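Number of protein chains: 2
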Amino acid sequence: MQTLTVALSERTYPIFIGEHLLTQEHCFKPYLKAKQILIVSNTTVAPLYLAQVQATLNAQGYVVETHILPDGEQYKDIAHVEGIFTSLLEKRFNRDCALIALGGGVVGDMTGFAAACYQRGVSFLQIPTTLLAQVDSSVGGKTGVNHPLGKNMIGAFKQPVAVLADTSVLDTLNDREYAAGLAEVIKYGLIRDVPFLVWLEDNIQGLVARDKVLLAEAIARSCQNKADVVAADELEANDLRALLNLGHTFGHAIETAMGYGVWLHGEAVATGMLMAADLSWRLGYLSAADVERVKRLLIAANLPVIPPDSISSAEFLNLMAVDKKVLAGKLRLVLLTSLGHAIVTADFPLATLEKTLAAGTQLGQLYD
Amino acid sequence: MQTLTVALSERTYPIFIGEHLLTQEHCFKPYLKAKQILIVSNTTVAPLYLAQVQATLNAQGYVVETHILPDGEQYKDIAHVEGIFTSLLEKRFNRDCALIALGGGVVGDMTGFAAACYQRGVSFLQIPTTLLAQVDSSVGGKTGVNHPLGKNMIGAFKQPVAVLADTSVLDTLNDREYAAGLAEVIKYGLIRDVPFLVWLEDNIQGLVARDKVLLAEAIARSCQNKADVVAADELEANDLRALLNLGHTFGHAIETAMGYGVWLHGEAVATGMLMAADLSWRLGYLSAADVERVKRLLIAANLPVIPPDSISSAEFLNLMAVDKKVLAGKLRLVLLTSLGHAIVTADFPLATLEKTLAAGTQLGQLYD
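Top line first, the protein sequences correspond to chains A and B. Yeah, the first sequence ends on 1027 if you go by the numbering used here, and it's all consecutive. Yeah, the second sequence ends on 1027 if you go by the numbering used here, and it's all consecutive.
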């Protein structure tokens, strides 16, 4: 088991990375001072792993209750968070209770937001069960829900007391979800870590085969990259943290246009990252060979790289305008100045962006 | 105009106290860097004061939008906060926008909570238009909404950038709402400020008559008392801040039992404070003469001191058990060890509490 420490101004917490963590008492006990524990999970994950976690906690004398959400991004809304509040109140949970998120990013976002708001804040421990959640939601404290008019528009910053990134639970992920996680792993290489990018290109086949040693390495290096960024910019006060959103403005537009849950978040981000690379190439930042490397790595990870042709350029622009990175009314995007180096900028011609938005299926071929 | 500075770890903000503040540019401009402003008000306050605030802001070049809530505690729920999010998203408000709360405590609580959660946090300026909100919600950063199973159970700590406590707007309050505000003013004297308590006993008739000079003094001394407490315990990490809840555990039970909005918050707190004083007397902390002083002051302020006889002791106990001051399953109450000195304690016999809960109409006579 590896332990990575996330250092933040207010609090430091550990991320444990390794196999079979759900049964290990020392991953829970030092971080859960509460007697009352609510485990929030979903209908897919609960049948697989809930009993293990419950047994570990029951053996330590905790009062453990559960709240099971339906599975899917389309349920990540205020109404379903309100359901968590109802469970907490029905079970008479007090301010000294703790919530455990057992599931993917959706469960983590909703549980963290519920923990941030219940009685104005209770403890929160995170057990991400997807690769995407392990490398993305484990660090940063971003929690929240979607609104019909925009993704992740409602939320809070809430740090967990500990994160358990158990590589054993990734065996039950389907191929699409697993690949979606690799998209965020690749992102860290693209925005700030050339050696990691090269390592990923060398090991992508082993990672696709879910090699546990490679996986632990990829998770640790991803979390470390994110932790470095977040420690420097915890509340997203400057542009540093915004670099983590490479591909996300394009990706959110795809997710919103298609309806939440149709494209997985990581799939939309993968295509969004190639769109960002394409725009970076059109602006003269990247060479055609650079974009080709991005495209090949994404394809090798079994990720989509072409946006749905049902989304027009006009719809893309409209949806991108509500993104949180719009400051003072100007659309700002994360672009790559070279592989491993990203910037946030509003300094690009609209016509050039429109070329990227209209490229469609050409994105898959342009740089061959 | 008086200016009181609230000093907090992260940020310091001013409370302006005086007449005719809504038209004064210097109360707004230095604190609103955003171009996009959403004023949240309600159907009672908006017709009276919205145009003034809009005109002041429009003259300074802000883009001002409005969101009008129905008036009443019964609408202080998640669904109505979601309506604020919808307005913000429909109007394409970005992370650099600001919300202004123009109304009483309900509008302030909901707007502050919306500002805390919209895009994980935007700016928030507060214009409390009731006496209760001016002396209570102006300081402390507590925001949130009710849940059908408990009052103020969902929320966040969110500090405003500035507070405008305009004494002119109190002229339009009805007598019940005005008296409800006096309940919280009296509370500060009871829990920590004997000289203020004596001053209130001397000036209660002038205050009931809404004398502007006395009012400004009462508001400033109340806010200063609260600011001292909050500065020492911003996130309610110890018992200090809990002392501000004198009468609230009893009061919340009354509000919940009667249905939100039937009893005003301040009315329920007034009766709750006499119940707390009664229990303090039964435990030997207060003399009968002390309780008599509390009762006389509350009655002189036109406040109710007898709980509804429809609430049984059992129902009281049941409703009090979900209060946030329950820690590790034990009911903790704010009691008075003497006039001007309060404690939080779970150290009282249940049978004694039940005597207070069953006292009913005797509360109005017991100490004569």
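Rather than coming from a laboratory, the hints here were simulated on the basis of the structure. Predicted model, so just to flag it, every value in this text is computed and none were measured. Hints should not be assumed to be uniformly reliable.
No copy is singled out in the list; a pair is fine if it fits within one copy or between any two copies.
Pairs of lysine-lysine, PhoX-like flavour, derived with a Cα cap of 25 Å [what the hints assert, rightly or not]: (1) 688 - 750; (2) 871 - 692; (3) 989 - 871; (4) 750 - 694; (5) 694 - 1014; (6) 1014 - 750; (7) 1014 - 871; (8) 750 - 871; (9) 688 - 1014; (10) 871 - 694; (11) 750 - 989; (12) 989 - 1014; (13) 692 - 1014; (14) 694 - 989; (15) 688 - 989.
Cross-check of the supplied hints:
no.: 1; hint: 688 - 750; in the structure: within (22 Å within a copy, 47 Å between copies)
no.: 2; hint: 871 - 692; in the structure: neither (32 Å within a copy, 50 Å between copies)
no.: 3; hint: 989 - 871; in the structure: neither (43 Å within a copy, 47 Å between copies)
no.: 4; hint: 750 - 694; in the structure: within (13 Å within a copy, 44 Å between copies)
no.: 5; hint: 694 - 1014; in the structure: neither (57 Å within a copy, 31 Å between copies)
no.: 6; hint: 1014 - 750; in the structure: neither (55 Å within a copy, 27 Å between copies)
no.: 7; hint: 1014 - 871; in the structure: neither (41 Å within a copy, 64 Å between copies)
no.: 8; hint: 750 - 871; in the structure: neither (39 Å within a copy, 48 Å between copies)
no.: 9; hint: 688 - 1014; in the structure: neither (54 Å within a copy, 41 Å between copies)
no.: 10; hint: 871 - 694; in the structure: neither (34 Å within a copy, 51 Å between copies)
no.: 11; hint: 750 - 989; in the structure: between (47 Å within a copy, 15 Å between copies)
no.: 12; hint: 989 - 1014; in the structure: within (18 Å within a copy, 64 Å between copies)
no.: 13; hint: 692 - 1014; in the structure: neither (55 Å within a copy, 35 Å between copies)
no.: 14; hint: 694 - 989; in the structure: between (48 Å within a copy, 13 Å between copies)
no.: 15; hint: 688 - 989; in the structure: between (47 Å within a copy, 23 Å between copies)
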